[in-house]
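Turn these sequences into a full structure, and let the hints steer you where they fit.
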Amino acid sequence: MTTDATSAISPARRQPRRRAGLSEWSDRHFRWLLVVPAVLLILSLSVYPLVFSLWVSFVNYDFQIPGHAFVGLKNFSMVIFDPVARWSLVLTILLSSANVAIELGLGLALALAMVRSFPGRGLVMSVLIIPLFISPVIVGQAWALLLQRPFGPMNYLLGQILGQEVTIGWLTESPWLYVALIIADVWQWTPFMFVILLAGLTAIPPNLYEAAELDGVDGWQAFRLITLPQLAPIIMLAITFRLLDAVRLFDTIFIMTAGGPGTKTYTSSFYLYTVGFTQFHLSQATAGSWIFLILTALLVGLLVRRLVKSEPA
Amino acid sequence: MNDRTRREFEAGLAADVDAWLRGEPTRRSFIKRFGQMTGMLAVSGPLLASISRSALAQAAVQLADPSTPLGQAQAAALKASTEGPADGSAYRAVQAAKQFSDVTLNMTYESGLQALDPRHFSGPMWEQLTGMKSNVVELSHPDQYSKPVAEHIAGSGAYDILDIEPAWTPSLADGGVIAPLDDFIAKHMNKADFDDYHPLFKALPTYKGKIWGVFDDGDMFALYYRKDVFDDPKLKDAYSQKFGKPLAVPTTWEDYAQVAQFITDQMAPNLYGAGHFRKAGSPGNQYDFLQQFRANKGELFDGDMKAGLVSAAGIKTLENMIAANKASIPGNNELDAVSLWAAFLQGKVAMIYSWPPSGRMAANYSQSDAAINFIPRSTIAGKVGYAIVPGNPEHATGYSKALAADSENPEAAYLFMQWATSPPVSLARTMLPYALRDPYRLSHYKSELYGALWPDAKDYLANLCNSANVGLLDMIMPGWQDYALSLDRMCSSVWAGTDPKAALETAAAEWDQTTERLGTDSQKAFYAEYKKLPGSSADHTVEALGMAVKL
Chain A
70 MTTDATSAIS PARRQPRRRA GLSEWSDRHF RWLLVVPAVL LILSLSVYPL VFSLWVSFVN
130 YDFQIPGHAF VGLKNFSMVI FDPVARWSLV LTILLSSANV AIELGLGLAL ALAMVRSFPG
190 RGLVMSVLII PLFISPVIVG QAWALLLQRP FGPMNYLLGQ ILGQEVTIGW LTESPWLYVA
250 LIIADVWQWT PFMFVILLAG LTAIPPNLYE AAELDGVDGW QAFRLITLPQ LAPIIMLAIT
310 FRLLDAVRLF DTIFIMTAGG PGTKTYTSSF YLYTVGFTQF HLSQATAGSW IFLILTALLV
370 GLLVRRLVKS EPA
Chain B
10 MNDRTRREFE AGLAADVDAW LRGEPTRRSF IKRFGQMTGM LAVSGPLLAS ISRSALAQAA
70 VQLADPSTPL GQAQAAALKA STEGPADGSA YRAVQAAKQF SDVTLNMTYE SGLQALDPRH
130 FSGPMWEQLT GMKSNVVELS HPDQYSKPVA EHIAGSGAYD ILDIEPAWTP SLADGGVIAP
190 LDDFIAKHMN KADFDDYHPL FKALPTYKGK IWGVFDDGDM FALYYRKDVF DDPKLKDAYS
250 QKFGKPLAVP TTWEDYAQVA QFITDQMAPN LYGAGHFRKA GSPGNQYDFL QQFRANKGEL
310 FDGDMKAGLV SAAGIKTLEN MIAANKASIP GNNELDAVSL WAAFLQGKVA MIYSWPPSGR
370 MAANYSQSDA AINFIPRSTI AGKVGYAIVP GNPEHATGYS KALAADSENP EAAYLFMQWA
430 TSPPVSLART MLPYALRDPY RLSHYKSELY GALWPDAKDY LANLCNSANV GLLDMIMPGW
490 QDYALSLDRM CSSVWAGTDP KAALETAAAE WDQTTERLGT DSQKAFYAEY KKLPGSSADH
550 TVEALGMAVK L
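Read top to bottom, the protein sequences are chains A and B. Under the numbering used here, the letters of the first sequence match residues 70 to 382, in that order. Under the numbering used here, the letters of the second sequence match residues 10 to 560, in that order.
Among the hints, a few may not be true.
DSS-like mimics (lysine-lysine), calculated; alpha carbons at most 27 angstroms apart, straight line [to be verified]:
id : chain 1 : residue 1 : chain 2 : residue 2
1  : B       : Lys200    : B       : Lys88
2  : B       : Lys219    : B       : Lys236
3  : A       : Lys143    : B       : Lys315
4  : B       : Lys200    : B       : Lys559
5  : B       : Lys196    : B       : Lys219
6  : B       : Lys200    : A       : Lys143
Rather than coming from a laboratory, the hints here were simulated on the basis of the structure. Given the structure is predicted, the values throughout are model-derived calculations rather than measurements.
What follows is the structure, given as structure tokens:
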């Protein structure tokens, strides 16, 4: 009966129904269609290179050695047993920890100083955050020009201040070259900490301080018992963001010391760049990148867990 | 339209209108905006392309005053390209290239001054002669190796002509990045051009019996010294009293360190005995070490292809270099090539050994062009003498023009290379004040026009030629990048206080690792081939082989 009824409908009447069906299907799936380009983009730009790099790390992908023979874990072991790679990891940890710790301290101090209004505050804040907008390469070049002997003025200025000749090799002598790298990084990234922490400070309800004042709490206690606990999640957030960036330290090293003297200022990023794009041992560099990625992921996991814990209930 | 269709249409329309009134995007508005965006993209593509084309359009050829030596050399290059001689490589290249007038050549060049030649001179002149346009891709020196490799792996065909170090030739040839030129050379080049190369450079682009490029930059190290300092009677007396021999331009590395220290002791802080580019990656350490190591009779590898760095020659070389560093300007270990030039030109240093632009800058010839005004004016013009580096000077890097294997226009690319490196055109290019291309042809060294660029230019050319006669080549074999990096790390770590023997051992271990990675037997074969080249060792120079060029 139904079949008969359907077959009785003329083709001219069936067409609008089909159109309506198509429209319904389109309505139901339209959101997925909208997502398709983004998914394809992610697949092609992120997932495919990631899978490809995984393959590269298990084969020979060295420009000077023909073929892509499977080599198992050889590329990984070359990185693990390379003393330069191990040193670069140690230096990355030391430099990024020192950088972030100093930037946190200075950023917090600046934020505390700037949280209250005073004449010219806007101007001072604008000046303070300028380094954030400068390319790290330019920052490295500027500091290299300031510190490089015999033309850089830093030793001369220090000599004038100290009243005796200063002959520090800022870019070639230990421990000064590490000091120089830390100074450049701190100069650029302290404003980042400052801006985030300032935002956190302004979000603390003032009535907490008013209540504390009524209770006779002094400034240090207010800082320790109100400011720090209230600011803790923001501090963790700032540390997480900054640390993730700091472990990738490359630009200033590239410009200021080129990894030298010897391999004294090789960070992990600089090591991977050198192996990959100076020596062109791509498979070794890729294996090293995976190791670095895993270590970074562990760090991220740890920090995120701490971040979630430090969120006030 | 029946009732039901009308109702569905009106309902749909009402939904769309309601959504529109609420300010929500509807499917219709989305499709409309998507269409608009697509249309805008379609229009903006060609629009941006035309804007970028006009922005990057080749500048008009910049020619010097015709009355100057450079102007005359440029006129001669133009004449050789348009009027002949008909069998000249420049003329033949231009004639053959006219069929490719719609081609645009993508050529890599070292960024900065090097790239000004194809931007201001050779590129526009080639376009004027053939209609062929050129797109200069500026790259940092390390990227001149890595980018072509990356583009080759990607198969992009991004480049037609590559400026490469001759030492990279084996790696790039084996990797399929560059293509041999033999067929094009047989078809287009006047073979007499080969005999115009200095013998040190002639065979550099040849590898496994094929020619993989045309040599284009004679990067001979030479010693540049202050004649007025060495002629100072007070200094001469003091030196002969102290050492019992006359003060003279040093010919051994021991003398070099001794003379430098003496001048520093006598004249610092106004003037220091020497200066060197010692900063890591400057680049310089590997070249300096290699020239001194081989002058000290050091062997790079033994019979089993084990690194020969840990040897008496290696220790002596590093000790000499440390002694020279101590005698040098403060901050010596932080200098790169440009800052060393600045120190020399400002009269702070009595001796440097460096690339050939040193002589042109010291005479203030280079600074005659605004493009090079970041280099200070020379305060020592007319006071600079030229000598051979003690022992044997290094031919440090140099450049060959190579044909990218993925080029879509290989013949057109080759013809530009032939034209640009032909004797008359290359002479004009090496005479450009801002360019960093240095003389390499016999006709360059003998050129009256070049010799007239400044009062001592003939002595400068003769010294470059004599330096090439006893010059040493970089290691032209696979793995050069790795071997050189190890040397640079080794030297800079020694400057920072590492024990020389320990540093040599570390570098030797890295060399052995590189050799093993590339295959000991194949590296042995490459090394044997390299050893055949004139300039591979101190006892196998052009002069030692009886091929020295006397001007």
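A quick look at each hint next to the structure:
no.	hint	result
1	B:Lys200 x B:Lys88	20 angstroms, holds
2	B:Lys219 x B:Lys236	45 angstroms, violated
3	A:Lys143 x B:Lys315	23 angstroms, holds
4	B:Lys200 x B:Lys559	22 angstroms, holds
5	B:Lys196 x B:Lys219	15 angstroms, holds
6	B:Lys200 x A:Lys143	49 angstroms, violated
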